[in-house]
Amino acid sequence: MTDNMQATENNVDAQTTEPVRKRPKPGERRVQILEALATMLEGTGTERITTASLATRLDVSEAALYRHFASKAQMFEALIEFIEQTVFSLINQVTEREPNPQAQVVRILALTLQFAEKNPGMARVMVGDALVFENDRLQQRMNQFFDKFESSLKQSLRAAAEAQNSATPTVDAQVKASVLTAFVVGRLQRFTRSGFKRLPSEYLEASFAQLL
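Counted from 1, the sequence shown has number 240 at position 158 by this note's numbering; the numbering is strictly sequential.
Heads up, some of the hints might be wrong.
What the hints assert, rightly or not - Simulated crosslink set (DSSO-like; lysine-lysine; CA at most 30 Å straight-line):
hint: 1; residue 1: 154; residue 2: 258
hint: 2; residue 1: 230; residue 2: 154
hint: 3; residue 1: 258; residue 2: 279
hint: 4; residue 1: 200; residue 2: 258
hint: 5; residue 1: 230; residue 2: 258
hint: 6; residue 1: 230; residue 2: 200
hint: 7; residue 1: 154; residue 2: 200
hint: 8; residue 1: 279; residue 2: 230
hint: 9; residue 1: 154; residue 2: 279
Hint data in this document are derived by calculation from the structure and do not stem from the laboratory. No experiment lies behind these values; they were computed from the predicted model shown.
Based on the sequences and whatever the hints tell you, model everything.
Written out as structure tokens, the structure is:
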């Protein structure tokens, strides 16, 4: 009898000391999934990330992932939404607070490159490296992102050209916006394809001096 009681007490002790896994708050698991995906994208290999590998990293089942996202494409769309919201929010802040259009352009370029530098996984999404084996609409959406980015630059560049009494401010702005967008994309591609060793911010001020 005593032995049985002791065994029962040991079982109770084991149950009370065993860590209890907390259930994530509403929306928390979704954020965890996106953070895990972004972290996995920071790997320098070209191997495709599967929902199975993502589930393993999070120590959950694949079914648990699909309770929050209908597909892996939807996960990537959520990452792209984060990129869009972050970058264009920064651009809006710059245009609202900086009266000098030339300075606006410099700040927009610098902040965009710094965002990618701090988020290597997002940089791979921005240049399309992480989207090669995914749904085509994801790459189309990133193309639209850079079209909008170029348009934002164009507005500031046109104001700068007008301030310099250019005879063709619209044309000047279009040309410069195209060149500067290509510069940003090129810096991001070099960053991702160098295994994140060649930083986008490298020689940034000197580069701007040449470009602008």
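Status of each hint after checking the structure:
Among the hinted pairs, residue 154 with residue 258 is inconsistent with the structure: their alpha-carbon atoms are about 37 Å apart, more than 30 Å. Proximity of residue 230 to residue 154 is assessed by CA-CA distance (about 25 Å); at most 30 Å being required, the pair is judged to hold. With a C-alpha separation of about 28 Å, the suggested pair residue 258 and residue 279 falls inside the 30 Å cut-off, and the hint holds. A threshold of 30 Å between alpha carbons decides the hint, and for residue 200 with residue 258 the separation of about 26 Å falls inside it, so the pair holds.
With a CA separation close to 15 Å, the supplied pair residue 230 and residue 258 stays within the 30 Å bound. With a CA separation close to 22 Å, the supplied pair residue 230 and residue 200 stays within the 30 Å bound. Between the alpha carbons of residue 154 and residue 200 the distance comes to roughly 23 Å, so the proposed pair stays at or under 30 Å and holds. The hinted pair formed by residue 279 and residue 230 meets the criterion: a straight-line CA distance of about 28 Å does not exceed 30 Å.
For the hint linking residue 154 to residue 279, the alpha-carbon distance of about 28 Å falls within 30 Å, and the restraint holds.
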